[in-house]
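Novice: Each chain, written out:
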Amino acid sequence: MIEAKNIDFYYGNFQALKNISMKIEPKTVTAFIGPSGCGKSTFLRIFNRMNDLIKDTQMEGECLINGQNIYDKSINIDNLRKDVGMVFQKPNPFPKSIFENVAYGLRVNNMGDKSFIGQRVEESLKDAALWDEVKDKLNKSAYELSGGQQQRLCIARALAVKPSIILMDEPASALDPISTSKIEELIHNLKNQYTIVIVTHNMQQAARVSDNTGFFMLGELIEYSNTKKMFLNPEKETTQNYITGRFG
Amino acid sequence: MNHKEEELKLLKDEIIQMWKLVISQLEKAKIAFLTNDVELALEIAQTEKRVNSMELKVERNCENYIALYNPVAIDLRLVLSIMKISISLERIGDYAEGIAHHIIDRDCNNIDNELIEELEIEKMFGVLLNMITNALVIFDLEETKSSRKILKKDKEVNRIYKMAFERLESYVLKNPKDALCGLKLILLIRKLERFGDHSGNIVEEIVFFLDAKVLKHKGKLE
Amino acid sequence: MNKKVSQNIAFFIFKFFGVLVIGILFSIIGFIGYNGIQVISWEFLTEFPKEGMTSGGIFPAIVGTFYLVVGSLIFAFPLGVMSAIYTTEYAGKGWIVRIIRIMTNNLASIPSIVFGLFGMALFVNKLNFGDSILAGSLTLGLLVLPLIIRTSEEALLAVPQSYREGSLALGATKLQTIRRIVLPAAFGNIITGLILSIGRVSGETAPILFTVAAYFLPKLPSGIFDQAMALPYHLYVLATSGTDLEASRPMAYGTALVLILIVLIMNLIASFFRKKL
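Chains as they are written, first to last, in the working numbering: chain R, 1 to 248; chain H, 1 to 222; chain B, 1 to 277.
Any given hint might turn out to be false.
[Claimed, not checked] Partial selection, computed: residues in chain R whose CB lies under 8 Å from chain B:
1) Met50
2) Gly67
3) Arg81
4) Phe88
5) Asn92
6) Val161
7) Lys236
[Stated by the list, open to error] Computed beta-carbon distance windows for the label pairs:
8) B/Asn267 to R/Lys140: 53 to 63 Å
9) B/Gly188 to R/Lys140: 13 to 23 Å
10) B/Lys126 to R/Lys55: 35 to 45 Å
Quick caveat, the hints were computed from the structure, so don't treat them as lab data.
Note that the structure is a prediction, hence the values are computed from the model and not measured.
Ideal placement from N, C-alpha and C gives every residue a C-beta, glycine not left out.
Produce the entire structure from the sequences given, and follow the hints as far as they go.
Specialist: What follows is the structure in structure tokens.
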């Protein structure tokens with residue numbers, strides 16, 4: 001359960017997020033849509049404190065995950081990020097072998113011995129629907145895989161440390177349609193075990209994969225509701241104009 | 001207006017054209033029935049083919065629009081309602097044709113004017129024409145305020161329909177030789193009643209399109 | 001004049017100067033190569049200079065240069081890489097980093113003789129190391145430090161940010177990210193910088209002039225506080241202050257060729273690494 005309360009976010013003097021509050025239920029897929037620069041990715045990165053890496057930024061408000069404010073001083077950021085996995089826009093496997101890519105999170109978090117790691121790697125690759133394609137070349141470089149496979153590898157890598165939440169920042173935007181539909185299928189299957197939040201600029205994708213959709217514009221959360229309702233009968237005029245493509 | 005909207009406008013124009021044709025069919029049917037004009041009835045039967053082909057065209061264009069433009073929200077609702085409205089309009093066209101054949105058959109030509117008066121058939125025609133024309137107006141203006149008023153008119157149609165049985169029964173009992181005519185008349189009135197239902201459906205589709213509210217099967221509006 | 005003619009003339013001028021420069025370069029290398037190859041032999045590489053440096057070999061100078069290269073890089077390499085890690089990974093983009101950058105760039109453009117003087121003042125006299133391999137190595141280390149810092153910085157900056165984000169997003173600490181992801185990814189380019197530094201160190205004369213280099217030593221250095229001979233300085237001696245300059249001239253060409261070959265080989269290895277990664 002993620003609960004954002006009155007979040008403001010600034011890049012220097014620019015206010016990127018304006019008083020955003022939102023609740024995300026466990027084991028659902030939530031999609032964020034909106035035009036470029038609307039703050040949807042910034043908001044996503046609030047949940048694993050990825051914005052901390054950017055200099056000269058400032059955040060106000062609270063973000064609770066399972067009741068705990070993740071911006072509290074007592075929070076260990078590394079543990080937070082272990083629990084809140086992330087998949088990025090462009091596939092970013094490490095320049096290591098396929099096996100080591102998936103094992104990485106387990107190693108840096110000191111999770112288990114050699115046999116445990118081997119087992120987890122296999123499980124994660126299976127969960128990411130990649131096992132059959134790579135089981136014979138686990139020691140090959142991750143860069144020998146296709147773009148779509150690389151992205152599924154990145155998903156497997158995130159799954160390996162058993163997070164409860166997975167954030168996806170336009171995970172299919174660099175992929176061809178077939179790889180995209182594989183990723184979407186994967187998201188659909190992972191929904192039973194994980195809370196997934198996905199940023200996408202493909203509205204049909206949001207419609208296909210998500211249970212709830214949030215529409216952002218100019219740093220504001222314009223509308224947040226059930227995806228079916230959003231795409232059949234959005235409440236706000238702005239939302240309607242955006243999703244039907246009559247902007248401006 | 002962008003390309004997508006232009007296509008949608010074309011779709012809308014098409015259904016409006018079909019709508020107007022159906023209204024004119026109905027007006028002709030009314031006149032043909034009241035004046036026993038076989039010529040006009042034959043014309044109606046001819047035009048019915050055009051209504052049918054227009055329905056096919058609207059349906060095909062809707063399918064294409066969905067396939068190519070992936071409409072959502074109000075656009076999706078508009079396309080869906082256009083599809084359903086076209087089905088209802090086609091049905092209404094069929095009824096108009098049915099009425100025309102009733103006249104063409106010439107086996108019930110000299111019905112007592114008093115009986116027609118008593119059955120309130122002209123009034124029924126009037127109410128229905130009013131319903132379908134007003135439905136077109138709210139569709140075109142995209143303004144659903146008067147939708148309830150239109151839907152209420154269906155009650156009037158139903159009232160006339162129900163009364164028709166008693167009146168025809170007493171008429172046929174008095175004039176047994178006109179029994180066939182009586183049966184035919186009840187069929188005609190039945191058609192007009194169905195027509196009223198379809199007009200109601202059309203209004204409901206317009207409400208769905210504009211307000212995304214589903215009025216169907218809610219025990220009809222009170 | 002039509003366009004085509006003017007274009008041809010311009011092209012001819014560029015080509016002429018291009019070929020000219022390459023020609024000069026090749027004639028220098030050819031000259032040294034031709035003269036040097038005649039004295040190079042196994043004895044030349046493995047024996048001490050004999051008879052007032054008019055015969056024998058340059059073995060102690062090769063060994064001395066080797067010691068200086070190793071000594072200076074033991075000191076400069078870790079320091080340079082660590083400061084590069086600091087500036088690229090930790091310090092952000094603030095004014096501190098800008099000042100450090102300006103300083104390292106300035107340091108790189110200071111004439112090497114100034115390093116020599118500084119090394120003499122600090123290491124030889126103030127710290128009392130005397131003329132020694134230690135003092136020379138430290139001085140050379142200071143000289144190549146900016147080079148190592150710059151190449152390492154560039155190597156680290158060339159590592160895609162997405163690797164770091166990917167690692168941090170898995171719950172790795174910053175240190176783990178640097179050690180397990182960033183450094184391995186930058187390794188090839190860092191090594192390239194290291195090898196370029198070896199070339200630079202082995203060729204410098206001025207910094208060792210006052211800090212370590214000996215005119216002639218009858219034996220190899222036995223510790224870091226001993227003086228040593230070195231190839232560039234030996235070349236200088238052979239060319240300017242031998243007992244019989246005419247007789248030692250061929251030896252000078254041989255020494256120059258050995259020096260050029262060492263630098264060339266180092267650069268080849270460097271470009272091999274760069275291509276591979």
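Novice: Can R/Phe88 be said to touch chain B, with a Cβ gap under 8 Å?
Specialist: It holds, given that the least Cβ distance between R/Phe88 and chain B is near 6 Å, below 8 Å.
Novice: With 8 Å as the cut and Cβ atoms as the points, is R/Gly67 at the interface with chain B?
Specialist: For R/Gly67, the interface hint is violated, since the closest Cβ of chain B sits about 20 Å away, which is over 8 Å.
Novice: Given the hint of 13 to 23 Å, is the C-beta distance from B/Gly188 to R/Lys140 inside that range or not?
Specialist: Distance hint for B/Gly188, R/Lys140 holds at roughly 19 Å.
Novice: Is the hint on R/Val161 kept, meaning its closest Cβ partner in chain B is under 8 Å away?
Specialist: holds, 6 Å
Novice: Verify the CB-CB distance for B/Asn267 and R/Lys140 against the hinted window 53 to 63 Å.
Specialist: Since B/Asn267 and R/Lys140 have Cβ atoms about 32 Å apart, the given range 53 to 63 Å is violated.
Novice: State, for the Cβ atoms of B/Lys126 and R/Lys55, whether the hinted interval 35 to 45 Å holds or is violated.
Specialist: Between B/Lys126 and R/Lys55, where Cβ atoms are some 41 Å apart, the hint holds.
Novice: Under 8 Å is the threshold here; is the Cβ of R/Arg81 close enough to any Cβ of chain B for the hint to stand?
Specialist: holds, 4 Å
Novice: Classify the hint on R/Lys236 as holds or violated, based on whether any CB of chain B lies nearer than 8 Å to its CB.
Specialist: For R/Lys236, the interface hint is violated, since the closest Cβ of chain B sits about 33 Å away, which is over 8 Å.
Novice: Hold the hint about R/Met50 up to the distance rule: shortest CB distance to chain B must be less than 8 Å.
Specialist: Since the shortest Cβ distance to chain B is 7 Å, the answer is holds.
Novice: Holds or violated: R/Asn92 as interface residue toward chain B, Cβ cutoff 8 Å?
Specialist: holds, 4 Å
Violated hints, listed in ascending order, are 2, 7, 8; each of the other numbered hints is respected by the structure.
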